[in-house]
Amino acid sequence: MAHNILVVGELAGGEPTSTTLEMLGGAQGLAAGGSVSVALLGTGATAAAAKASGASKAFVSDDAGYDAVKAEQWLAALELAVDQSGADLVLIAQSSAGRELGPRLAARKKTAVAMDCAKIEDSGGLKFTRPAYGGNAMATYSISTTPAVATVRAKSFEEATGAGAGDIVQLPAAGASRTNITGMEQAVSTGLKITDAKVVVSGGRGLGAPEGFKIVEDLAAAIGTDKAAVGASRAAVDLGWYPPSQQVGLTGKVVNPDLYIAVAISGASQHMAGCSGSKTIVAINRDKDANIFGFAKYGIVGDWKVIVPALIDELKKG
Amino acid sequence: MHIVVCAKQIPDPETPPSAFKIDAANNKVIPAQGIAPVLSQFDGIAAEAALRIKEANAGSKVTVISMGAESAQAAIKQVLAMGADEGVLLNDPAFEDGDSHTTATVLAAAIKKLGDVDAVFCGRQAADWDMGQVGLLIAEDLGWPAAIIAKGVTTGGAGLQVTRVLENGFESLEAPLPAVVTVSNEFGEPRYPKLPQIMAAAKKTVTNWKIADLGLDAGAVGKAGSRLKLERLFIPEKGGKVELMEGDTPQAQAAALVARLKAEKIL
Ligand SMILES: Cc1cc2nc3c(=O)[nH]c(=O)nc-3n(C[C@H](O)[C@H](O)[C@H](O)COP(=O)(O)OP(=O)(O)OC[C@H]3O[C@@H](n4cnc5c(N)ncnc54)[C@H](O)[C@@H]3O)c2cc1C
Ligand SMILES: Nc1ncnc2c1ncn2[C@@H]1O[C@H](COP(=O)(O)O)[C@@H](O)[C@H]1O
Chain R
1 MAHNILVVGE
11 LAGGEPTSTT
21 LEMLGGAQGL
31 AAGGSVSVAL
41 LGTGATAAAA
51 KASGASKAFV
61 SDDAGYDAVK
71 AEQWLAALEL
81 AVDQSGADLV
91 LIAQSSAGRE
101 LGPRLAARKK
111 TAVAMDCAKI
121 EDSGGLKFTR
131 PAYGGNAMAT
141 YSISTTPAVA
151 TVRAKSFEEA
161 TGAGAGDIVQ
171 LPAAGASRTN
181 ITGMEQAVST
191 GLKITDAKVV
201 VSGGRGLGAP
211 EGFKIVEDLA
221 AAIGTDKAAV
231 GASRAAVDLG
241 WYPPSQQVGL
251 TGKVVNPDLY
261 IAVAISGASQ
271 HMAGCSGSKT
281 IVAINRDKDA
291 NIFGFAKYGI
301 VGDWKVIVPA
311 LIDELKKG
Chain S
1 MHIVVCAKQI
11 PDPETPPSAF
21 KIDAANNKVI
31 PAQGIAPVLS
41 QFDGIAAEAA
51 LRIKEANAGS
61 KVTVISMGAE
71 SAQAAIKQVL
81 AMGADEGVLL
91 NDPAFEDGDS
101 HTTATVLAAA
111 IKKLGDVDAV
121 FCGRQAADWD
131 MGQVGLLIAE
141 DLGWPAAIIA
151 KGVTTGGAGL
161 QVTRVLENGF
171 ESLEAPLPAV
181 VTVSNEFGEP
191 RYPKLPQIMA
201 AAKKTVTNWK
211 IADLGLDAGA
221 VGKAGSRLKL
231 ERLFIPEKGG
241 KVELMEGDTP
251 QAQAAALVAR
261 LKAEKIL
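Each protein sequence line maps, in turn, to chains R and S. According to the numbering used here, the first sequence holds residues 1 to 318 in order. According to the numbering used here, the second sequence holds residues 1 to 267 in order.
To be clear, the hints were calculated from the coordinates, so they are not data collected in a lab. Hints are not guaranteed to be accurate.
From the derived model, a few chain R residues whose C-beta atoms are all more than 12 angstroms from chain S [to be verified]:
hint, residue
1, S56
2, D62
3, A137
4, G166
5, E314
If you want a taste of the chain S side facing chain R, the calculated C-beta under 7 angstroms gives, among others [to be verified]:
hint, residue
6, G169
7, R227
8, Q253
Don't be surprised by glycine CBs; every beta carbon is placed ideally from N, CA and C.
One chain only, chain R, in its complex shape (with noise of 0.2 angstroms):
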């Protein structure tokens, strides 16, 4: 059937992100003959416009006052093009806005949304799949009332081609928010974001310290600055010895590299939710039992104190 799907778009330097690309890409495998549309708001929303691929309509507003996401009066611009679109289904990232512009959106316009959609397909009526129960499941839904709304998590679809919007629709600039924003901490990265990374080799609460991370760092140096980024389970990023910002897993970051090294990691449903569409994953765990080897193409069983030395020693060789 065809669909009118409005896509929230998100900005970074005013270009769309990876995954608002993504979600148009999966739009337009949807729309079967409907029509996409994209909301940009922020500084350059109209120019970004342009480079959204694969929406023909683009609603926007390059009022400054959208770059930092304040729900409510993101809210009010959306329910706008929510309605001049027509949208039958509304897709928003899974990302720290879109897990609250989703629920919210769909409680103004009296609808419901699947969060952290990993595939939605059209069979029959919309189906929207996600991992529950930490990852240990995964649960197909259905909504029966439109807008259907889903948020989407990153990686889930191709990005979009072709060309951008040509049909411009303005949105007013920001309105009230209730909520205020003091304060912006960025987290302090170094090198490749684990996001954009073809190789993550990430640590596990098996480090036993925060010291073992250093090791794991020498090891993405090894493979490569230019290639591999540092990812962390919860474990380690709760126990303080890596930042939030890195964290993989169903609460944290999704990736999917080409590679994934997990040292000393057990590989629970809840990390292996951010990291199980790596193209290649590999293991290193004393455990040989670990929940780890279950999804990993190669593993090395043994303390990573000394396999992960000699890995390094092993690349460094050339």
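Here the structure of chain R is known, so what remains is to put chain S with the ligands in place on it, guided by the hints.
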């Protein structure tokens, strides 16, 4: 300051994957044998956040509410033992098999009935279905502002000062009261109640409100009021069989792995 903590009882999310079973015909999770249900982890943390505010603001009160089976009393008692003042269980067959929206409808109705509530604290997501929306739907129902995924929350300024965890950093946010806050694990560990507190909580009566007490229509709650329909629940496939790198020494194992990854042009 009167804070309501919304607490859900769930199957233990630390259940080993091998013990995780589903009843595919009925799209239900089969409770693992011998593993008791628990208070959803983030809700315990939300309770901790509420109790710290209570301790910092004399004359404050914390009420814990839970919608669920009779067994959810245990989750309520746990939060009472931590130091909450009162507990309300929302248990009625009409509430069963609902979705996030109907759950929020019931919880919001209970909050309205309590009347003098200044803030509602929820977990960032219930660790069973991992939706992360009930807190926000309560906020929309009550017409309150919200702050989600908090790692810090204190009273001050216009109402609440909240530090939120974003993808790439943190945000400080000020929200006027009344407001909804959802709390994340970055907040820290909840307190462990001591034996005398557990015993005192065991003696406390938990109020039970049914659908009639909340003045809700049976068509608006439970399965009848649901908009989100679970069509299928299944266990995802794992990867294939792992190939373990053999070798007499770590160096030999490492060499085998690097050779493998190079042969496959992954490195
Ligand atoms: C709702 C919810 C959401 C969650 N979200 C996330 C999430 O987003 N991301 C996440 O990661 N977790 C998440 N978790 C937590 C998850 O359930 C696990 O507790 C966590 O992933 C465990 O981290 P870990 O593997 O580092 O630690 P552990 O489970 O303690 O595993 C440590 C591993 O290290 C191995 N080891 C120990 N010493 C050595 C050594 N010397 N050499 C080699 N191996 C060694 C051990 O054999 C073990 O397998 C979530 C949990 C819940 C309930
Ligand atoms: N049945 C329930 N009873 C009490 N609180 C709940 C219930 N369901 C959800 N909540 C609250 O809402 C939060 C988010 O739940 P969810 O949207 O289901 O992930 C939980 O962490 C709880 O604080």
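Once the closest CB in chain S is found, is it more than 12 angstroms from R:A137?
6 angstroms, violated
Looking at R:E314 again, its CB stays over 12 angstroms from all of chain S?
5 angstroms, violated
For R:S56, is the shortest beta carbon distance to chain S beyond 12 angstroms?
Per Cβ check, R:S56 is outside 12 angstroms of chain S; nearest 29 angstroms; holds.
Hint check: 7 angstroms Cβ-Cβ cutoff, S:G169 to chain R
Since chain R brings a Cβ to about 4 angstroms from S:G169, closer than 7 angstroms, the hint holds.
Go through the hint on S:R227 and say holds or violated, using the shortest Cβ distance to chain R against 7 angstroms.
Holds, about 4 angstroms.
Is it correct that the beta-carbon of R:G166 has no partner in chain S closer than or equal to 12 angstroms?
31 angstroms, holds
Status of the hint placing S:Q253 at chain R (closest C-beta pair under 7 angstroms):
5 angstroms, holds
Is it the case that R:D62 keeps its Cβ farther than 12 angstroms from each residue Cβ in chain S?
22 angstroms, holds
In summary, the numbered hints that this structure violates are 3 and 5.
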